[in-house]
Amino acid sequence: MTVATENRLVAQVRAASQPLTGDDTDYDPLLKHIGDARYVLIGEASHGTHEFYSERARITKRLIREMGFSAVAVEADWPDAYRINRYVRGVGDGATSIEALSGFTRFPIWMWRNADVLDFIGWLHDYNGSLPYGGTKAGFYGLDLYSLYGSMEAVLNYLDKVDPEAAKRARYRYSCFEHFGEDTQAYGYSASFGLSEPCQEEVVKQLVELQSKSGEYANRDGRIAEDEFFYAEQNARLVKNAEEYYRTMFQGRISSWNLRDSHMMETLDALVAHLDRHVPSTKVVVWAHNSHLGDARATEVGRMGEWNIGQLVRERHGGEACLVGFTTYTGTVTAADDWAEPPKRKKVNPALPGSYESLFHVTGMSRFLLNLRQGNTATDALREPRLERAIGVIYRPETERVSHYFDCHLSDQFDAIIHIDETRALEPLDHIAGFESAEPPETYPSGV
1 MTVATENRLV AQVRAASQPL TGDDTDYDPL LKHIGDARYV LIGEASHGTH EFYSERARIT
61 KRLIREMGFS AVAVEADWPD AYRINRYVRG VGDGATSIEA LSGFTRFPIW MWRNADVLDF
121 IGWLHDYNGS LPYGGTKAGF YGLDLYSLYG SMEAVLNYLD KVDPEAAKRA RYRYSCFEHF
181 GEDTQAYGYS ASFGLSEPCQ EEVVKQLVEL QSKSGEYANR DGRIAEDEFF YAEQNARLVK
241 NAEEYYRTMF QGRISSWNLR DSHMMETLDA LVAHLDRHVP STKVVVWAHN SHLGDARATE
301 VGRMGEWNIG QLVRERHGGE ACLVGFTTYT GTVTAADDWA EPPKRKKVNP ALPGSYESLF
361 HVTGMSRFLL NLRQGNTATD ALREPRLERA IGVIYRPETE RVSHYFDCHL SDQFDAIIHI
421 DETRALEPLD HIAGFESAEP PETYPSGV
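Numbering (the numbering used here), first residue to last: 1 to 448.
Accuracy of the hints is not assured; some may be wrong.
[As the list claims (entries may be wrong)] Restricting the straight-line Cα-Cα distance to at most 30 Å, the calculated cross-link-like pairs of lysine-lysine (DSBU-like) are:
{"#": "1", "residue 1": "K205", "residue 2": "K137"}
{"#": "2", "residue 1": "K205", "residue 2": "K168"}
{"#": "3", "residue 1": "K137", "residue 2": "K61"}
{"#": "4", "residue 1": "K161", "residue 2": "K205"}
{"#": "5", "residue 1": "K32", "residue 2": "K137"}
{"#": "6", "residue 1": "K161", "residue 2": "K137"}
{"#": "7", "residue 1": "K168", "residue 2": "K137"}
{"#": "8", "residue 1": "K213", "residue 2": "K168"}
[What the hints assert, rightly or not] Ranges between beta-carbon positions, derived for each pair:
{"#": "9", "residue 1": "D119", "residue 2": "S366", "range": "32 to 40 Å"}
{"#": "10", "residue 1": "E201", "residue 2": "H431", "range": "40 to 48 Å"}
{"#": "11", "residue 1": "N258", "residue 2": "D430", "range": "28 to 36 Å"}
{"#": "12", "residue 1": "G319", "residue 2": "H431", "range": "43 to 51 Å"}
{"#": "13", "residue 1": "E99", "residue 2": "E201", "range": "33 to 41 Å"}
{"#": "14", "residue 1": "S54", "residue 2": "D430", "range": "18 to 26 Å"}
{"#": "15", "residue 1": "D380", "residue 2": "K205", "range": "49 to 57 Å"}
{"#": "16", "residue 1": "T105", "residue 2": "Q200", "range": "50 to 58 Å"}
{"#": "17", "residue 1": "E422", "residue 2": "A225", "range": "25 to 33 Å"}
{"#": "18", "residue 1": "R316", "residue 2": "A225", "range": "27 to 35 Å"}
{"#": "19", "residue 1": "G375", "residue 2": "Q200", "range": "44 to 52 Å"}
{"#": "20", "residue 1": "P19", "residue 2": "H278", "range": "36 to 44 Å"}
Don't read these hints as lab results, they were simulated from the structure. Just so we're clear, the structure is a prediction, and the values are computed from it rather than from any experiment. Note that CB positions come from ideal geometry on N, CA and C, so glycine has one too.
Just need the whole structure built from these sequences, with the hints factored in.
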């Protein structure tokens, strides 16, 4: 692309974008575009950026207050998030918002145990509490599948209460995992390479038996019993899918990625179907990383065979879906050097030339919303492939081009994009040794 063409595109993006000023009306155009959509997927370009979490919460609050959305489904494990759900809906399990977050004990803890999530669930609890009797309360749910052992425990706890004999059978089936000491990767490795018998048959039988008792269990005590059964059934479904996921981990990235996002989509569909029983046409907000929510067909990984929730929601629900992504140019981020290592406050490199982030930086706008469905010259030009950055729970700036960038077609990937040029790391709730000193101050080494 010539310099003149690039300069013309910068001007077109600037003209088509709406500055974000922090005013209550910032997202009026976005809500107008969302209209009657039932599925609003709001992403993040990293798992450790304050502004992505806080702005996503601002949009979600308006969707709940003004447009009748009643579920927030997030990239978190089902049993951990369900503890929050009980809290925000006023049905126990945590006297305070910080206690409601106590289920998040595994890496990356900061992804949900942070100040921005704490603020949001406190708001959601208060909002639900202010509703008139019979009003539809908004819930908080997890879509992910990493909680193999936690979900088994939840199934057993449920059956202990409603059917002790069934609980005995479930314990026998789930005992297949016992000698792996809750090491899911050890199970996956052993089962993948024939070093032990897989537990696939046992977890499938358990799910089928539980589902066969739905009429008996779910109708014992009205809505509460129905919700408790659904919670247990989803945990049993998670165990089945997680067992398969850990067996596929050693067969390649694409197969395990697709299984994970298929599980999240299956959970989303099951959740909406469950909620529709009481409030037809449930509207749900989904929070996850851009890589899960931007339509995979518009990316290079999609061309390699990966799919994701964004693609699956669009394929199944068409115009009822709206996909919103975030980008940033530079700043700081909370991330680890490697898996299971403590998080650090890391400096985010300025975006690479030729990336969407770099293009947006050159507009000179510090924060803006760009509707990618306006049909103007800017959004048409943004269908041309460019680099896009993705930072997960790990950030390796020294290998950034290889480890954190991929080609995509932005206008096909999202319906709208929110760019915040300089962002800062989110604040973990837990004290983490060395977190504040993870990067040298800008005045290092002089200290001035």
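Against the structure, the hints come out as follows:
1. Between the alpha carbons of K205 and K137 the distance comes to roughly 34 Å, so the proposed pair goes past 30 Å and is violated.
2. Of the pairs offered as hints, the one joining K205 and K168 holds, with about 14 Å between alpha carbons and a cut-off of 30 Å not exceeded.
3. Distance hint between K137 and K61 is fulfilled; the C-alpha atoms sit about 13 Å from each other, no more than 30 Å.
4. Between K161 and K205 the alpha-carbon distance is near 20 Å, which keeps this suggested pair within the 30 Å criterion.
5. A C-alpha spacing of about 23 Å is found between K32 and K137, which places the hinted pair at or below 30 Å, so the restraint holds.
6. Annotation: proposed proximity of K161 to K137 holds, straight-line Cα distance about 26 Å (limit 30 Å).
7. Of the pairs offered as hints, the one joining K168 and K137 is violated, with about 35 Å between alpha carbons and a cut-off of 30 Å exceeded.
8. Only pairs whose Cα atoms come within 30 Å are accepted, and K213 paired with K168 is accepted, the gap being roughly 15 Å.
9. Between D119 and S366, the C-beta spacing of about 23 Å breaks the proposed range 32 to 40 Å.
10. Checked against the hint of 40 to 48 Å, the C-beta distance between E201 and H431 comes to roughly 44 Å, which is consistent with it.
11. Between N258 and D430, the C-beta spacing of about 33 Å keeps the proposed range 28 to 36 Å intact.
12. Between G319 and H431 the Cβ separation comes to about 47 Å, which falls inside the hinted range of 43 to 51 Å.
13. Restraint check, E99 to E201: a C-beta distance of roughly 38 Å satisfies the suggested window 33 to 41 Å.
14. Distance hint check for S54 and D430: the Cβ-Cβ separation is about 19 Å, which falls inside the suggested range of 18 to 26 Å.
15. In this structure the supplied range 49 to 57 Å holds for D380 paired with K205, their Cβ-Cβ distance being about 53 Å.
16. For the hinted restraint 50 to 58 Å between T105 and Q200, the CB-CB distance of approximately 27 Å leaves it violated.
17. In this structure, E422 and A225 break the distance hint of 25 to 33 Å, their C-beta atoms being roughly 50 Å apart.
18. Judged by the Cβ atoms, the range 27 to 35 Å given for R316 and A225 holds: they are separated by roughly 30 Å.
19. Under the hint 44 to 52 Å, the C-beta atoms of G375 and Q200, about 49 Å apart, fit the expected range.
20. In this structure the hint that P19 and H278 lie 36 to 44 Å apart at CB holds, the actual value being about 41 Å.
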